[in-house]
Amino acid sequence: MYYPISALLIECIILSVVKDKDSYGYEISQTVKLVADIRESTLYPILRKLENNGFLTVYSKEYQGRTRKYYSITSLGREQLEFLKKEWTIYRDTIDNIIIGVMRADGGKSE
Amino acid sequence: MNREEYMAGLRKYLKRLPKKDYENAIQYFNEYFEDAGRENEEKVIKELGTPKQAASDILNNLLEEQVITKENSQINEKNTIHNKGLFNAIWITCLVLFAAPIGLPILICLFVLIFVAVVLILVFAFVVCIIGLVFANVGGRLLICGISMLSSSVAGGIVLIGCSLFSTGIIILIGFLMVYLCRLVGFGITRLTQRIVKRQR
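Same order as they appear, the protein sequences are chains A and B.
Under the working numbering, the first residue of the first sequence is numbered 158, with each subsequent residue one higher.
Under the working numbering, the first residue of the second sequence is numbered 7, with each subsequent residue one higher.
Hints were generated in silico from the structure; no laboratory data involved.
In this text, all values refer to a predicted model and were calculated from it rather than measured experimentally.
Keep in mind that a hint or two might mislead.
[As the list claims (entries may be wrong)] Some chain B residues close to chain A (C-beta under 7 Å, calculated; not the full set):
id, residue
1, D41
2, E45
3, A60
Every residue gets a Cβ at the ideal spot worked out from N, C-alpha and C, and that includes glycine.
Work out the full structure, taking the sequences as your base and the hints as a guide.
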């Protein structure tokens, strides 16, 4: 993707990925990489931050003879996701409107 | 470089993290390799960059997101803080009481010593400044005398001018010495305060 993506938006994406079904590091990372050119060294700290803030909980589960860490969304995480989604919608719509040309700042009225 | 070598490198560079964070990170990247599969090993390594680069990225990002746990985990603190806090308070009170007869005079001595040192440095600087002024005064006068004397006695005039240049040189020398001294004192004071602050932490 050409546009850089902010860490907050990545938080929004991660929370969306685990919103309906718990997921693990690699899977989350693959989804994030669909839109963001991001390295694991950046993604991992963001996951840790979400965990530390109480938006995600982590548990280990057996998978093919080894343990795998699964991330699960908390109720606090759902609240945060709602907030981030609302902010994203406003952001997206504003940019869309500016690009289409139906929105201008009041001070800059064209003649 | 294969996965094992890569992880060994990552371990080496992430050693600086607290144990819990270190294990967490290593487990995450181990799992990541597992889930990516053997066939994607090279791709993953290429994506991550050198172990050194990846580790420094991880450290920086963890610091930025402020998610590095403090050495004492919160659970431990919660369980022991009440007992330990009270015990520590009694212990410290006893120590202070017993140490007061010796500690107090030492403390006062230390303050006096520091005060004397500061006064000495100030006096020294003052004296050096006075010496500089005297030399400047003498130098200036000598220069004027020398120039006016040139008409009557060339040799005498040159000697006087030489003397004035000599004193000017000494002033410059003292100036440099003072700048150096100021820097040294300033540096010493900052180092001392840094040390005290560090110890208090």
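Can you give the numbers of the hints that this structure goes against, from lowest to highest?
-> Violated: hint 2 alone.
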